[in-house]
Amino acid sequence: MIRFKPQPNAQPKIEYETGHWDRNTNLPNQKYFLNHFGNQISEETTFLEEHFSFLISISNPDAIISQERNSYFESIYVKVADRLKKHLNRNDHLFRIESDKFLISSLQIDSETKAEWFAECIRMLFDFPFTYEEREFHLNVNIGYTKFDLKSGSDMNALGILKEALHRSCLIGPNSLFYYDQNAIITTYEKAKIEIDLRKVLNRNELEIHFQPIIDLKENRFFSMETLVRWNHPEKGKLLPGSFISIAESSSFIKTIGEWMIWETFQYYENSILRSENISLSLNISPKQLGDKNIFPLLKEASDYYKIEPNNIILEIVEDSFDFRKSQISKVITSLKDYGFKFAIDDFGKGYSSLGRLIHLPIDYIKLDKMFLFNYFQTSTRAVITSMVNLVQAMGKSIIVEGVENETQHNLLKELNCDFGQGYYYSHPMEIELAEN
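Each residue of the sequence shown is one higher than the one before, starting from 1 at the first, in full-length UniProt numbering.
Any given hint could be a false lead.
Straight line, CA to CA, 20 Å or less: simulated PhoX-like cross-link-like pairs of lysine-lysine [claimed, not checked]:
hint : residue 1 : residue 2
1    : K337      : K218
2    : K147      : K200
3    : K200      : K114
4    : K163      : K200
5    : K300      : K331
6    : K238      : K193
7    : K200      : K238
8    : K331      : K293
9    : K218      : K331
10   : K163      : K147
11   : K255      : K218
Keep in mind the hints are simulated off the structure, nothing from the lab.
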């Protein structure tokens, strides 16, 4: 379990050496990381096989750039370093790699799930402003991270991979995280092959729908079924969405898959036991689909054709889809809401999210990202979840907590008066026949 506790000796114990130490933050620098860190860790932990490292980039809002000179930047970065130090423990090694970049190598993390939570905790540290000369500054942060076998590669290679991970995080947008899975990076050839195969899936009838239930925690009953796509690839076997959806998103084919999902799901729902039991369907809509002018006519036509009440359909979208500066998207969302469809924000809290924005968004449900529940016993996280539940319900919206994996978590959600839960504790995604049973 990850616990952030202030530790007076969190930084590596090394002797001062000119050129290897950042004088302002009192942290080892990039030169030290490249020349000495690997040897130091090998001496300290002979049993270590793998560890996770995180490269953190700080960017300054325009307000600071326009109002302050460069001399003030260093004072802000010193405060950033101090905040990071206070929230790391003795197994976390902190470096200042560049003026606006910090690196953490953690020897306490043994899984990708914990690494994701660790990165999210670091990101949340920047939700709070920094104060300098009685003024408050908000900073943006991006984090790229990956897993290393420290004894099998050079620190130069490690830093290069981390910089690539950070670059991909920045491409997503401010306050984003990116995990660089070195074992799953798709080559250009593999990506092209998957894209070619994707265009054949409908003719070959290779896609199928699975369902995962969402549970009403107050009435102890099925509330909704989220529809998920699976690809029965002729060579690779059954593929999860993570293996191909991002590739479909980068092309226009995501709209084709999305249209197929809508018609297939509605056709199934027309005479299903789910409909007779008043169990709704949740359907993921990609940002590209939502921005398509044909999405409202498509959903309206499908619901009319199969005589499905729109209020039985929940459209799950990511928060960035609610960009009301784009008049087309604003018009589509308003039209769908007026027609009766319901909306849910998916993965809320993953990356940058703002509860303040929710007041103005025409949504019915908020799906809280699984990472909040993963480390609920962290005192600060418990307070965040409790506050979120209270605020969301005060806004007249319902909250769905993702990632429920055991009875303890289930009971906690009931104690917190959460509305709905979803996760492996209730059921893994399942085929249509199993969902009916």
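(message) Between the alpha carbons of K255 and K218, is the straight-line distance 20 Å or under?
(response) violated, 36 Å
(message) Need the status of pair K163, K147: alpha-carbon distance at most 20 Å?
(response) holds, 13 Å
(message) Just to be careful, I want the Cα atoms of K331 and K293 compared with a cutoff of 20 Å; is the pair within it?
(response) Holds, at roughly 9 Å.
(message) Can you confirm whether the C-alpha distance between K238 and K193 stays at or below 20 Å?
(response) holds, 16 Å
(request) Sort out whether K114 lies within 20 Å of K200, counting only the CA atoms. (result) violated, 38 Å
(request) Would you mind confirming whether the straight-line C-alpha gap from K218 to K331 stays at or under 20 Å? (result) Outside the cut-off at roughly 35 Å; violated.
(message) Hinted pair, alpha-carbon criterion (20 Å max): K200, K238. Please report holds or violated.
(response) It holds: about 15 Å lies between the C-alpha atoms, which stays within 20 Å.
(request) For the pair we were handed, K147 and K200, check the Cα-Cα distance against 20 Å. (result) violated, 35 Å
(request) Could you grab the alpha-carbon distance between K163 and K200 and see if it respects the 20 Å cut-off? (result) The given pair, whose Cα atoms are some 36 Å apart, is violated under the 20 Å limit.
(message) Need the status of pair K337, K218: alpha-carbon distance at most 20 Å?
(response) Violated: K337 and K218 sit about 26 Å apart, past 20 Å.
(message) So if I understand the rule, the pair passes when the alpha-carbon distance is 20 Å or less; does K300 with K331 pass?
(response) holds, 15 Å
Going down the numbered hints, you'll see the structure goes against 1, 2, 3, 4, 9, 11, while the others check out.
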